[in-house]
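Hey, can you piece these two chains together into the complex? The hints should help.
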Amino acid sequence: MSNQYRTSNSKGLINKEKIINFTFNGSSYQGYEGDTLASALIANGVHLIGRSFKYHRPRGFLGVGVEEPNAMVQLHEGDRSEPNIMATEVELVEGLKAKSQNCWPSVKFDIGEINNLLNRFFPAGFYYKTFMWPKSFWFKVYEPIIRKAAGMGVAPLSPDPDRYEHNYEHCDVLVVGSGPSGLSSALAAAKNGARVILAEDKAHFGGSLLNDDVTIGNMSGREWASDVISQLKSMPNVVVKNRSQVFGYYDHNMTVMFERVSDHIENPSKYTPRQRLHYIRAGEVIVSTGSIERPISFGNNDRPGIFLSSAAREYMKVYETLVGKKPIIFTNNDSAYATALEFLRNDIKPIIVDTRDSSEGQLVKEVQGHGIAVRFNSGVANTKGHLKIKSATIGTLDGQKENFISLEEVECDCICMSGGWTPTVHLSSQAGNKLKFNEDIDAYVPDKKRQKETAIGSANGAFTLNQSLAEGFQVGFELSNKFTSNNIKTDVPTSNEPDQKPHEKLWCMPLPNGQKPKRFIDFQNDVAVSDVELALREGFRSIEHVKRYTTLGMAGDQGKTSNLNGLQYVSNIEKKIVPEVGHTTFRPPYTPVTIGTIVGREVGNHYLPTRKTPIHTWHEEHNAVFVAVGLWVRPRYYPRGTETMNDAVNREAANVRKNVGICDVTTLGKIDIKGPDAPEFLNRVYTNAWLKLPVGKARYGVMLREDGMVFDDGTTSRLSENHFHMTTTTAQAANVLSHLEYYLQVVWPDLDVNVLSTTEQWAGIAIAGPKSRELLAKLFPSIDVSNESLPFMGLVDAKLGDIPARIYRISFSGELAYEVNVESNYGLHLWKKIMETGSEFGVQPYGTEALATLRIEMGHVAGPELDGRTIPYDIGLNGMVSQNKDFIGKRSLSKDAFISEDRQTIVGLVPVDKKSKIPEGSHLVVDDKAPTPIPKLGHVSSSCWSVEYNNPFSIAILKDGKKQIGKKLIAVCPLKDISVPVEVVSSHYVDPKGERVRS
Amino acid sequence: MLEIKCPYCGKRSQNEFSYGGDGNIKRPALGAEISTKDWDDFVYFRDNPRGRHTELWHHVSGCRQWFKASRDTATHEIFSTCKMNEDFNE
Ligand SMILES: [Zn+2]
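Residue numbers (our numbering), protein chains in the order written: chain A, 1 to 999; chain B, 1 to 90.
This is chain B alone, in the form it adopts within the complex (with noise of 0.2 Å):
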């Protein structure tokens, strides 16, 4: 079980949040004319890298925040978790 520090909140269990996928995702905006295939990658594609990973995470059973964490998905490593609003600070 993963210890995840969630930026407002601190030091929590991972049993506390929920994974949000991949934080580089960006919604097009709306009303935009946006072709199908660009669509498709926005709602069905996602990168599965091995290593560092920019992600999101639900602090459910806690302050209810959404934040950005960044995480090594071969090793579980957190370098670091930030609110949405700001970079990670490394």
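One chain only, chain A, in its complex shape (with noise of 0.2 Å):
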């Protein structure tokens, strides 16, 4: 038999004439369309969902939304398996597979119950105090014991399939929440000619109006909330979002809204997104995101099949679902009687206990109209039945009520139970809002705002019908009036509620005589009411503080029903009021969001952009292996045949030596510099001179940070009078770009300069080894490239048939080589080119680790030794350091630590068996088995294979290392476990006199 628990008689929203077929714990069901997971298997009669946290407790639902603590379920399978759902959001689906969690081996009989019967094992700060002793148990004992019994959901282990993306949105009016308080406002503002936004996390707008009998101008409220949304739809300058939880408000007006787009959908289009993150700029935000009814202490008040009385009407009323036949009403308010009148209209006669001696309120009269005696003056005490609730112990309160005075049983199979209403204020306290404590209805609403946000209707304790629409048109007219000259007043509709009268101030049972049941307050992290008692007994005062001590409200639902009764019993036996007592701190998110929708569609190799250059064709093509440099992806090798990595290095590597190689360093960056402050501004930012570079002439240069460390290098051409052309280190390229613009607009805006990045215009070709020349040559027949003519440093325009070219004559390897530069669009023209000139010369392309070899070998820096760290004298550049001139980071190089004799200098290092390989990041020590801490000397900060010896060559940063070269040290890699016994030596390990570059 299935649907067996459905109304007769209510009205809903389900589709009977669509049936669904899903699976629960592995046994099919059926739901019909418009079910959530929870309704259709509250239908099916199925109440247990999964086991508590700490006390592995049977657990069902206590909500039908966001408010769910307990009813959590793994969801699908595979890698779209996703835990920790709350089964009252799940929409259901055909095929849905859910299975309950934190249970083993499964969910009737589970083996961590015996917790359960420990319970006083588990106390309230059981983690600080059960598990400090002795320490190494942690870590092998208690941590994994404590991980398997209390862990949730299982993660699944490959990638998420599904696609998530990101939306950027502005509008005058946020609205979050559809109840009758957020339909009215935002009628009214999108009357009036404001941008609108209606945000609704269910699937159906109207709130409140979907579930209470009210009626609203001629209509029933439900009737009014569709007239309303289909108004709102036929409007420009409304977006209306159901599915969509605004669950975070930051900084100016930026509020991020979650979008279920097709997790309903059984089948959706390829590309249609599973979720969408909006990011939500508002000029003002309405928070109209209603109330959660407060649940009531009581013992064992966590057995499947207590419920809040408003989830028990919302299952009757929107999903046509009975949370039981034999149902107790347990309220301390009017509202609750709403819920017995439901359960009448399907000819179920509920028992009603009310802690209140009495209420006149209409609600009340019409459910004793139908021949219900309402036991006022009572409660409940305890309930009975293991799996799911099967009697209840009531009884009636002393004149005090802080004692039963008779106690009886009673059969049933659901408690709906009434605290009264908690406001929404999540938001509002996201926002920076100062909350304050109304007494009337015994919570917290918002009161001042730091930001442009408005709480209306329930979330602003505004609790009946006619004030929520007057304050939803007011507001949302006077707020849309802010962005609009139209002056449109929308008038407020008539309407009609039931009269309620007060609630009692009364939210935690007595303990019925000689036991001791828990009764709990917060449900997800199963702390009672003992766990509060025993923390203010310990001593705990502040709130903050018993919060963290007992865990009460850190649960994945941010207790949203547990906070007030939390902060009521604190309050009560302190005997103090709650203001004083004070609230914890509000923090996004309000509700859970997947990992998927937050990272968007910033997944994998759309994580970052990705450059390359004109020439990654070509590098594909011939079997480059590519490696990230920055943002760039740049060639590494070129392996052929067979090689290894090593073996293709240093064939490349030994080619530029030998033949000629070219390399692609289109990624340098490149800045354009002009003006007749030119010259004045390159003085002042690098270290050297620059006052009288001819036109035509390059040179290198270092720059300073204030601090006087080394912040990059490069070399700058002078094109014309007061035109130069920068390159920087491809790391960099942004930064230096940012230091000049900094310089230039903040420093020294008096000098006439204009900077201009051109990395992405140039297509840069490196053509290095000794047959670079005639290569060049046979390139440029029309260009004297002789030594003479184009020395070291020189430079010159050419043309390559048609197109402009530049040439320049500098070196990073150490050989004879140019730089060719054209416009990106001919750079892999060029290459070709000259792959195909330079055959008879053996020119063969070389990647970064040839490039890098061939620089390490001559002591040449780079990115390693220019780490931060370094100021020149540190890295042998002391020598381009101007003596005659101020420069950025000047005044830094005279202070005494770094004039220090004993820096750390650069140095290079064999190994001393001419073999073995020196890792990088290896500290240099004179002793590797002293006792520790063995004092450091230096690091190793690039290694190599030098193709010029067939011996590994690395460069070090060693203390006073001048004074080291011809030592032996040993360089230690303890990651790797690695000792190399080395020789130092100088760090210019070929060619020390640089004569090939100017050969």
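Read the hints as simulated data drawn from the structure, not as lab findings. Certain hints may be false.
To be verified - In silico lysine-lysine, DSS-like type, Cα no more than 30 Å apart, as pairs:
#	chain 1	residue 1	chain 2	residue 2
1	B	Lys26	B	Lys5
2	A	Lys895	B	Lys26
3	A	Lys449	B	Lys5
4	B	Lys11	A	Lys449
5	B	Lys11	A	Lys241
6	A	Lys962	A	Lys915
7	B	Lys37	A	Lys959
8	B	Lys83	A	Lys434
9	A	Lys674	B	Lys5
10	A	Lys452	B	Lys37
11	A	Lys895	B	Lys37
12	A	Lys959	A	Lys895
13	A	Lys890	B	Lys11
14	B	Lys11	A	Lys452
15	B	Lys26	A	Lys434
16	A	Lys674	A	Lys799
17	A	Lys890	B	Lys83
18	B	Lys83	A	Lys482
19	A	Lys448	B	Lys5
20	A	Lys365	A	Lys11
21	B	Lys26	A	Lys885
22	A	Lys674	B	Lys83
23	B	Lys11	A	Lys885
24	A	Lys674	B	Lys26
25	A	Lys452	B	Lys83
26	A	Lys482	B	Lys11
27	A	Lys890	B	Lys37
28	A	Lys967	A	Lys915
29	A	Lys482	B	Lys5
30	A	Lys697	A	Lys832
Okay, here's the thing in structure tokens:
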């Protein structure tokens, strides 16, 4: 038999014509279109959903929406498997698979339930107390056991196959929540011409109007809601979103909304995202998020079958589902009587237990009119039923309502409890609103706002429909008037609702005589009244401390149903009023958000932009192995046949030393610098002199930060009197440009200079090796490339056919070398032309590994040496520092520590056995067997295989390095457990006099 | 995410900008004699006020101009922004 718990007379929003099949814990069930997983399970009589976090107690549903603390399930299987999903928030789709979590081996028989019997070992603060000793037990014993016992769901191990997207929105007025106040404010603002976004978490719009028997104008509440929604949807200035939760309120009215786009669709089309994250920058935010019903604490109030009264009503009215057929309604206020009436509409007579002495409310009278005898001045003391509630102990309260005077056991299959209502103030609080306590409703409401945020309706403590509509229309009009000049005011419709009498200030039942059942406050984190009592007995006073010690309100539900009851209980014991106790802080996200949504499309290769040079396709076609250098993708080496990386790198580097090689250096930063003060500017930016650089010449330059550390280096050329072409390292290109802009705009605005990045505009190819001149001569037959006409650091404009090109005679490899630049679009053409022309000279491409080998052998510094901790002296660049002018960072160089003789300086290292490779990052020590800590003298910054000498070679930064040359040290790499005896040599390992570049 | 008004481009989201530090710092003049203490104050030491703070921002993913902002470091309220050669207009 299925769907045996459907209503007979409620008119819901499900479609009984369409049956939907799903499974829960392996059993097949049927629900209807429009059901949630929760409503479909309840309709099939399934109430045991999972086990509680700490005591592994059987748990079912408490709520019907985001307030649900218990009914968390694992959804789907395989790489779509998803843990910790509230069953109340899952719309039923064909084939849905769900299962319980936090139970082993099954939800009905759970070994962890022994925790419940041993609960004296799990008191408040048990993590802090129980598992502190002995310390060594933490990792090996306590932690794994706690993890296994307390684990929630299981995360899938494979990548998420679904698509998630981000969207940026702007609007004048964002309305969060589509209950009566939200709908009226959205309508008023939209009719006044403002750009409005209305967001609703649920599939259906209307909020409380879906559940309350009220009339607005001549329509029922539900009809009015759907009428307003269709009006809003027809307006071009309005975006209406259901299944969309605004979960975060950040600075400057930036809100973030999470939309479930296709979770409820059986077969979404291929590129439909699963979920979408909307960043909404709103002019004004209207918080019409409604309120959440408060539970009541009583003995064993956590059994499956014990619901919030409003949830039971919504299951009937929206999902045509009965939470039980023998209900007890337990309340301290009038609103639960509406639930009683809905049961009566379905021919079910509830038992009503009301803590108050009496109530003359309209709903109460109506219930009594059905011949129901309300048990006033009474409460539920305890419940029975292992996996589902079977009976309740009901009692009459004494005058102070501190003890039961008579107790009686009654059969039931559900309890619908109501402790009144808590305004949903989370978003206002996130926005920085200082909340205030409203004693009429015994709850916090928004007060002093910090951002452009206005709470209305029951989120603002206005619990009547009349008030909600009035506030909604008024606030919607006023706020929209800030953005439009229409001044169109919409009339407030008349409304009719039952009058309600005040609630009683009682949320915790006394214990039945002689018994000590657990009375839960926080269902999700298993925090009971006794835990709060213990925390207070142990001296915790600040509510923030009580929260952390007991973990009250710290679970994924953020205490939506538990915070106020916790505060209330603390204030009762402390004999304070709640506002003196204060409240804990609300933080985003209001409801859980999938990681996939937060990440959006920024996954895999889309995590960062990818920059490719214009020659990239050639590299791909020629078997290049690529490496990421910042955002750039560069060829690392080009293996041939069965070559290993070492084989290929050594071949490429050796070919440069012997013949000629070419390297794609397009990625180097390039900055165009123009203006009458350009030479003076460069003179201030670089450590060396620039005023007298002749037109048509390049110069190597080093720039520092103000703290004296080397910032970047590169070659800059003078193209004409006031026009320079700067190159930077690939890594620092963007930072150097910002640095130059800072000095020009902020520090020296009097300098007449403009800077512009031209990195993307030029393709650059280095041609290096003893045969590079011959190659170049053949490539540019009309240009005189002799040493006299184009000397080291010279440059010349040329043409490759019709293509303008610029030839620089600069070298990073230490060989005779050139760099040719053409406009980016011609980069590939130039590369191919060089390969073609150079074949007779043995030209080969070389990648970043060979590039590194060549510069390391020569002792040229690069990124690993320019690590932000070295000054020019340290890396052998003191000759670059002008004594005759000031420049950025110069004053720092004369500080005591910077002129100390024994500073760390650059040296070379060769392994004593001429074979062992020296890992980069190794520490240099005298004796690697010395007692720790072993004094560290320096570190290895760059390593290569020297193709010149056919042995390993490294560059290191070594304390008092110049004096260490010839000494033997040990390079220790604890990460790889390698120690290599090394000899300290000059960092200029190959061609120390620099003759080749000038040849 | 803050919303910052670039004096050249108008209001944009924070992710277009990069923070440039204390806007009150004046770099010592080039070539000036300066004590190590004064130099260290310039290079390393910054006030960390709670409340109103004049700071620099760089519209890096926009017009690439540096400008001044007056911002409350506790509430993130931005009272005013202006070009480098202007004063806050409040
Ligand atoms: Zn701008």
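Hint check:
no., hint, verdict
1, B:Lys26 x B:Lys5, "24 Å, holds"
2, A:Lys895 x B:Lys26, "20 Å, holds"
3, A:Lys449 x B:Lys5, "22 Å, holds"
4, B:Lys11 x A:Lys449, "23 Å, holds"
5, B:Lys11 x A:Lys241, "26 Å, holds"
6, A:Lys962 x A:Lys915, "24 Å, holds"
7, B:Lys37 x A:Lys959, "27 Å, holds"
8, B:Lys83 x A:Lys434, "35 Å, violated"
9, A:Lys674 x B:Lys5, "29 Å, holds"
10, A:Lys452 x B:Lys37, "46 Å, violated"
11, A:Lys895 x B:Lys37, "10 Å, holds"
12, A:Lys959 x A:Lys895, "18 Å, holds"
13, A:Lys890 x B:Lys11, "38 Å, violated"
14, B:Lys11 x A:Lys452, "17 Å, holds"
15, B:Lys26 x A:Lys434, "39 Å, violated"
16, A:Lys674 x A:Lys799, "24 Å, holds"
17, A:Lys890 x B:Lys83, "29 Å, holds"
18, B:Lys83 x A:Lys482, "28 Å, holds"
19, A:Lys448 x B:Lys5, "26 Å, holds"
20, A:Lys365 x A:Lys11, "24 Å, holds"
21, B:Lys26 x A:Lys885, "20 Å, holds"
22, A:Lys674 x B:Lys83, "22 Å, holds"
23, B:Lys11 x A:Lys885, "42 Å, violated"
24, A:Lys674 x B:Lys26, "26 Å, holds"
25, A:Lys452 x B:Lys83, "27 Å, holds"
26, A:Lys482 x B:Lys11, "18 Å, holds"
27, A:Lys890 x B:Lys37, "15 Å, holds"
28, A:Lys967 x A:Lys915, "18 Å, holds"
29, A:Lys482 x B:Lys5, "19 Å, holds"
30, A:Lys697 x A:Lys832, "28 Å, holds"
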